[in-house]
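Next come the chains, spelled out residue by residue.
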Amino acid sequence: MDKVMQVSVFSENKPGRIEKITGIFADEGINILAIAITSTNGFGIIKLLVDKYERAYEKLKESGFTVTLNEVLAIEMKDSPGGLYEVSHILSKNSINIENAYVYVVESRARAFLLVEVKDIEKAKESLSKEDLKFFKYAEFKLA
Amino acid sequence: MKAPEIIRPDSYWQKQDEIIGKEALATLQLEHLTKSLRRVYSNVPFYHTRFDEAGLDPENIKSLEDIRRLSFTTSDDLRANYPFGLLAVSKDEVVRVHTSSGTTGRAKAICFSKNDIECSATLIARCLVMTGTGKGDILQNMMTYGLFTGALIMHYGAEKVGALVIPAGPGNTERQIQLMRDFGTTVIHITPSYSLYLASALQQKGIDPRKDLNLRRAYLGAEPYSEETRKKIEAIYGIDVYNSYGLTEMSGPGVAFECGYKNGMHLWEDHFFAEIIDPETGEVLEDGQEGELVLTSLRREAMPLIRYRTRDITKIITGVCECGRTHRRISRILGRSDDMFVVKGVNVFPQQIEQVLMGIKGVAQNYQILLESYDHLTIRVEIAKELFDGNIEHLLQLQTEITDKVRADILVKPKIELLEPGALPVSEGKAKRVIDNRTM
Amino acid sequence: MIWNKQAECMPDKELRKLQLERLKETVRRAYENVPYYKKKFDELKIKPSDITSLRDIVKLPYTTKTDLREGYPFGMFAVPGKDIVEVHTSSGTTGKPVVAGYTRGDIDTWGEVVARCLTMAGATSSSIIQNGYGYGMFTGGMGIHYGSHKIGATIVPVSAGNTKRQIDLMQDFGTTLITCTPSYALYLAEAAGEDGVDRKKIKLRAGCFGAEVWTEKMREEIESRFRILALNIYGLTEIIGPGVAHECDKKAGLHIFEDHFYPEIISPETLEPLPDGERGELVFTTLTREGMPMIRFRTRDVTTLRREPCKCGRTVVRMDRITGRSDDMLKIRGVLIFPSQIERALLEVKGIEPQYQIIVTRPRHLDEMEVQVELSNKMFSDEVKHIEEFRKKIEAHIEKSVGIRVKVTLVEPKSLPRSEGKAKRVFDKRELK
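Protein chains in written order, with our numbering: chain A, 1 to 144; chain B, 1001 to 1440; chain C, 2001 to 2433.
These are computed hints drawn from the structure, not numbers from a lab.
Note that the coordinates shown come from a computational prediction; the quantities given were computed from them, not determined experimentally.
Yeah, the Cβ is synthetic: ideal placement off N, Cα and C, and Gly gets one too.
It cannot be assumed that every hint is accurate.
Quick partial rundown of chain A residues pointing at chain B, CB under 10 Å, derived from the structure [to be verified]:
id, residue
1, Lys3
2, Val7
3, Ser11
4, Gly16
5, Thr40
6, Phe43
7, Thr68
8, Leu69
9, Asn97
10, Glu99
11, Tyr102
12, Ser108
Straight line, CA to CA, 20 Å or less: simulated DMTMM-like cross-link-like pairs of lysine to aspartate or glutamate [what the hints assert, rightly or not]:
id, chain 1, residue 1, chain 2, residue 2
13, B, Lys1405, C, Glu2014
14, C, Lys2200, C, Glu2216
15, C, Lys2024, C, Glu2014
16, C, Lys2150, B, Asp1137
17, B, Lys1135, B, Glu1174
18, C, Lys2400, C, Asp2327
19, A, Lys93, C, Glu2388
20, C, Lys2150, B, Asp1389
21, B, Lys1385, A, Asp132
22, A, Lys59, B, Asp1389
23, C, Lys2250, C, Glu2221
24, B, Lys1160, C, Glu2112
25, B, Lys1405, C, Glu2194
26, A, Lys59, B, Glu1386
27, B, Lys1361, C, Glu2194
Chain B is faced by these chain A residues, among others (derived, beta-carbon under 8 Å) [to be verified]:
id, residue
28, Phe10
29, Glu12
30, Asn70
Take these sequences, add in the hints, and give me the full structure.
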């Protein structure tokens, strides 16, 4: 399975941060596939799944952002009732605890990916490789 | 404005001592000073060295001015000798320790003998009687009980004059109001900022402090405040407000206190020798000139302090007070000669916060202390770029860690704002760390 | 060391004589100066002169917390307000607090009895006492403070909380004696074992722990972790605050200072006095309080009085450590159970929250006790099979440690009602009357 890398950006809760990030991506021709924002106690983390993650990381860093790259699981699921259940059932069967998750919908009511952050990515990948699951591939999307 | 409550001229706790003649006072001061200097010379190595360096023999003190040959004692000296280094008695004779905020190496500890407690209670008794408080009064003490001197020393003085003390401590406004109403509190000991907060809480509950409470007067201390604030508080509550001055290093409150004329605070000169100096040059200034207050304790047994730099800016008010007391008055505190600030009644130095922050992994070099009110402190901290891992839990943990560690040191819980690196202005030279937007 | 040998080791006959004198005086003052007592005495047709022996105390009415609340704030004072120099209040779970008023003489007495306690824990004028009880309206802080000043020891008035500072001060000042709640002592002991703490600088030798119910097991833990002597201190705001009774180093019960406080044990059900050696509710009459004399105050604390002489030489009576409160004592199939016993057993099981409820029912004439326990979030996410095993484990543990079979029901995290003050834990649904 592909190494799916997520870009995480630290941000204070103030206007204009997302605008600035998306502006940089537009200039660089970086596509955002999925975005999730967690915010609490006066600050937040913006998590992005993009096509050219290394470039995104470098550019954000150059622009002074506090940014990091980390690997996530991107598991395909049906975008229909029960889709999420099936995937989460398999995760729990394999004792994989979800630290954080969000969804990337490729085609409404057809294909979607569950992006999952876990503590031990290697172990999770290993145990999930035995399962009947489909994972995200950059190539399929003619990306990166 | 309401006319000040002028207390009967015979309201003295220790009349002879309070109206002592100028010459008799000077003689008394010299006598106690000589005794004190002899004791520290033989019992406190720190002072022994100081005398030797100055080439001063405590047996040869001829006048009060001779003391000027000794260099000042500073809060750094206290810190360096923490906890027992400046003791002039054996540890067995110490009955109580009070400390400032700050952890080991940064805190100041002040030791009291039995007689020191007695003396500070007596001075408070003078202050209370001078302002009309005595038996039959009900004093609700809203200062912090414990390691700080504010509440406990007042407690002892109030019990001495036979007033009823309600040891309420600070905060818990609901209960404060209930106690004031149920017990018919006549006197409160409170910080200026909390008195304003309490007033607004009373207003919200539809309680008119002038009609529904039995309050007669308030003693305000621990924070700087202005004459306008005093008048405002007096008007809201319909009471007399008296200004109180003290510091833990000099046994706490009761060093100087206003009388019914509210024109400066009588500094009890038979217990403390006061000088006003130029904080830059250390030169002693004339009465009436603004400068830093330097105090020498004259009767403390456990931990006498010689020429202690209070860092408080004030001036001696010249002229005789109509109340008949001869002890010279100092003006309300006009400022500080260092960067200490007060929040929630606690004295805090920015360096305390800096040292805590710099000891925490995940914190970058830059930070800012933001003061918007007297009961609230915000610290804005830039996070370290290298340690960012995209995990929000880790940032929350960092926020909690900073909050807990700062609180453990300065004893006030701060609000921590995490900022992106580079968010704060970088200034050349000395960064302006404290943004104080408060007005009082 | 004994602080006041004359009072603490007084021959029995002399002590009874002193108690009687003081009892008569207290009753007289209460009758003459406190309208509440006058009314009660008159209703029962008792005159102070009816008290001619200590045994006559049973003629006097009990005083309860409710009576005190009704007298709030000044109703129970036996002296004019101007003679009261200090007040303390105890916060109740419901309604008005209870007020305790002290004259200067009472403050002096308070210092005296606490001095006796601290001396039992080895305090002298050279001791450094770190006072971790809360200062302010709570009696704990000021009580210990006055006692320390009486002895001339050095008090470090740190008050409750702020663990890091407590540990720092303990090292900096070389604290020899600590006073705080036993649960906080355990917490401190844990913190003192952490990195950066110089064990050599910790000079603690003893601690006076109280203000909550605790166990021998906790004592062992505090003693071994801190390597100190952990002693039990007892007191209550209504009587004077801490200093009513304290353990000597023989740890064979708490010596009650009988020259100031007269104890009785009664049955909380029949209200009949019980003989020494029997377990029941502790009742106190103050013998020297000026500001607020208390006549037969029902403490609701359950204990036993022991008259056998103590090896320490003190002659005053001892009481066992408090095992519970009479108001939540339950009789299940004839066995006396305190919810605190269940709580202790629960806390020994890992993976549950300290949130529980006890429901007592009587289907088919037999008492049944159900304990509802909240699972921790972590446990909750596990599979059902494990949960069932876990439930049985808790049942077995309670049976083992409390000696009674209960039915344990596990409930979802955060599903039991929370309350601001003391939570209501026990629901007795039996129709017993």
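Results of checking the hints against the structure:
no.	hint	result
1	Lys3	16 Å, violated
2	Val7	8 Å, holds
3	Ser11	7 Å, holds
4	Gly16	12 Å, violated
5	Thr40	7 Å, holds
6	Phe43	5 Å, holds
7	Thr68	4 Å, holds
8	Leu69	8 Å, holds
9	Asn97	12 Å, violated
10	Glu99	8 Å, holds
11	Tyr102	13 Å, violated
12	Ser108	28 Å, violated
13	B:Lys1405 with C:Glu2014	57 Å, violated
14	C:Lys2200 with C:Glu2216	27 Å, violated
15	C:Lys2024 with C:Glu2014	16 Å, holds
16	C:Lys2150 with B:Asp1137	26 Å, violated
17	B:Lys1135 with B:Glu1174	27 Å, violated
18	C:Lys2400 with C:Asp2327	25 Å, violated
19	A:Lys93 with C:Glu2388	19 Å, holds
20	C:Lys2150 with B:Asp1389	57 Å, violated
21	B:Lys1385 with A:Asp132	39 Å, violated
22	A:Lys59 with B:Asp1389	17 Å, holds
23	C:Lys2250 with C:Glu2221	18 Å, holds
24	B:Lys1160 with C:Glu2112	19 Å, holds
25	B:Lys1405 with C:Glu2194	15 Å, holds
26	A:Lys59 with B:Glu1386	16 Å, holds
27	B:Lys1361 with C:Glu2194	19 Å, holds
28	Phe10	5 Å, holds
29	Glu12	6 Å, holds
30	Asn70	5 Å, holds
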